Amino acid sequence: MKKINYTVLIFLMLFGLTTCTPSKYIVAKQSEIMKMNLDRSATNYIPISDEDLTKSKILDSAYNLIIWNRFSNLKLYIKSLEASKITTSDLYLAKTLLFIIRKKYDDAMVSLGNVKESDYVLLRRLLSIDLTYETTKSDEENNYNELLKRYQDLIDANPDNVMLNKIVFIRMRYLRYNY
Amino acid sequence: MRLFGISIIVLIAVSCSPTKSLQNHLNLYELPIGYIHDTKEINCHKFDSLIINLKNKPLDSVLTVSLKHRHVRFLVFYVSRDIKMNIELGDDVLEQPYSEFFLSSLKEESKRTGCFAISNKAAGDSLYTLDITMDTCKTNADYQYQESDLLSYSKMKVNFYPSETYIHVFTSLRRGRTFITEKAYTFKRRQPYLVTQNKNMSLDDLMSNMVESLSLSTKECVERIVNDVNLSITTNMFRFRQK
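As they're listed, the protein sequences go chains A and B. Position 109, counted from 1, in the first sequence is what the numbering used here calls 109; the numbers after and before it change by one each time, with no gaps. Position 67, counted from 1, in the second sequence is what the numbering used here calls 67; the numbers after and before it change by one each time, with no gaps.
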């Protein structure tokens with residue numbers, strides 16, 4: 001009996017450890033990222049522009065739920081919006097963020113595909129590269145150079161975006177160190 | 001006497017083994033080298049063409065591990081070992097040969113910020129030629145492990161030290177046979193490790209740190225060279241016009 005209890009306990013501990021591993025991605029406001037010192041950072045920030053948050057109520061609510069770690073509430077919130085037949089880009093983006101935080105990268109990729117091409121252009125492109133990496137990470141073939149090129153193209157398309165430079169630099173490290 | 005001889009041979013073999021086994025392990029790596037070009041593209045008129053000549057093979061072909069110190073202490077039931085090794089990066093653990101990477105980075109940077117075009121032609125009087133000699137290009141990192149055994153209780157600690165890159169380059173710019181300028185560059189870089197949570201350091205991190213250090217030093221080097229070539233070509237162009 002004691003043996004079984006120990007097995008259950010060890011299983012629960014291992015289960016707890018695997019489920020509590022924090023996500024490699026953190027959602028943050030662009031204005032906040034700009035203030036951070038990211039020299040030795042290993043965190044991949046997903047930048048949400050302050051302007052987008054003011055414009056979209058859905059994204060603003062999702063952002064607030066994410067920063068307070070209320071992921072179950074966010075899931076319910078998204079479900080309620082979907083039930084009322086809302087199919088806007090901000091809803092799909094909120095859904096993508098939730099999937100990324102929950103490390104469901106394949107689902108995140110599908111959801112991101114539903115965001116209109118004309119909406120959240122920069123963020124959509126950035127997340128698309130991130131998700132390509134996450135979904136192909138376990139492949140034997142190294143896609144480092146291909147991803148490097150895609151990040152490079154993104155930076156070249158936005159040469160004045162200092163924040164983008166900073167966060168892409170960390171993403172390159174993420175690819176290199178594979179932590 | 002024979003026993004003494006055998007024990008000496010065994011001792012030599014044992015003393016070589018940590019560096020050998022680490023080197024064999026590290027030689028299996030194949031790491032991608034690269035960086036993000038974050039310089040803004042300059043749209044200047046590219047009147048002149050430049051031929052780039054890398055005169056030597058900058059990086060050693062093989063990664064090497066050398067012993068820095070080795071302290072072994074024996075007491076009755078206690079054994080402790082403290083081994084510190086130095087790793088020097090070689091071409092064999094990189095996905096792309098370093099000279100190729102250096103040249104492609106220099107060409108890419110020239111495309112972005114250079115006020116000259118890159119030419120593949122053989123040297124001519126109307127063309128600029130940049131000869132690059134890499135005197136030194138080394139990336140080293142220390143790796144130390146300390147182990148102690150007391151009866152059946154054993155304790156082990158591994159220390160990873162940040163990589164250090166040292167690059168020393170000579171460049172010589174000429175137009176046809178006319179010598180224009182000569183420069184020497186020195187770059188030193190100490191690459192800090194990342195601040196990662198919930199993670200123990202491993203040899204993977206050490207190797208990635210070394211390649212990152214070399215990549216970013218190359219970036220610095222390449223950007224400076226292109227900037228100086230721009231200046232030299234512009235100054236020379238004005239001098240040429242004044243004449």
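Read the hints as simulated data drawn from the structure, not as lab findings. All values derive from a computational prediction rather than experimental measurement. Honestly, I wouldn't trust all of these hints.
What the hints assert, rightly or not - Below, simulated EDC-like cross-link-like pairs (lysine to aspartate or glutamate); rule was C-alpha separation at most 16 Å, straight line:
no., chain 1, residue 1, chain 2, residue 2
1, B, Lys111, A, Asp107
2, B, Lys188, B, Glu109
3, B, Lys111, A, Glu51
4, A, Lys75, A, Asp107
5, A, Lys166, B, Asp38
6, A, Lys149, B, Asp38
7, A, Lys149, B, Glu108
8, A, Lys149, B, Glu109
9, B, Lys107, B, Glu220
10, B, Lys183, B, Asp135
11, B, Lys40, A, Asp160
12, B, Lys40, A, Glu51
13, A, Lys29, A, Glu51
14, B, Lys57, B, Glu108
15, B, Lys40, A, Asp156
What the hints assert, rightly or not - Label-pair restraints from in silico Cβ distances:
no., chain 1, residue 1, chain 2, residue 2, range
16, B, Asn56, A, Val110, 48 to 56 Å
17, B, Glu147, A, Lys149, 41 to 49 Å
18, A, Ser138, B, Ala184, 41 to 49 Å
19, B, Met201, A, Arg70, 15 to 23 Å
20, A, Thr132, B, Glu30, 16 to 24 Å
Backbone N, C-alpha and C fix where the C-beta goes; we use that ideal spot for every residue, glycine too.
Results of checking the hints against the structure:
no. : hint                            : verdict
1   : Lys111/B / Asp107/A             : 39 Å, violated
2   : Lys188/B / Glu109/B             : 20 Å, violated
3   : Lys111/B / Glu51/A              : 35 Å, violated
4   : Lys75/A / Asp107/A              : 14 Å, holds
5   : Lys166/A / Asp38/B              : 10 Å, holds
6   : Lys149/A / Asp38/B              : 12 Å, holds
7   : Lys149/A / Glu108/B             : 12 Å, holds
8   : Lys149/A / Glu109/B             : 14 Å, holds
9   : Lys107/B / Glu220/B             : 14 Å, holds
10  : Lys183/B / Asp135/B             : 12 Å, holds
11  : Lys40/B / Asp160/A              : 8 Å, holds
12  : Lys40/B / Glu51/A               : 25 Å, violated
13  : Lys29/A / Glu51/A               : 10 Å, holds
14  : Lys57/B / Glu108/B              : 20 Å, violated
15  : Lys40/B / Asp156/A              : 8 Å, holds
16  : Asn56/B / Val110/A: 48 to 56 Å  : 51 Å, holds
17  : Glu147/B / Lys149/A: 41 to 49 Å : 44 Å, holds
18  : Ser138/A / Ala184/B: 41 to 49 Å : 46 Å, holds
19  : Met201/B / Arg70/A: 15 to 23 Å  : 34 Å, violated
20  : Thr132/A / Glu30/B: 16 to 24 Å  : 21 Å, holds
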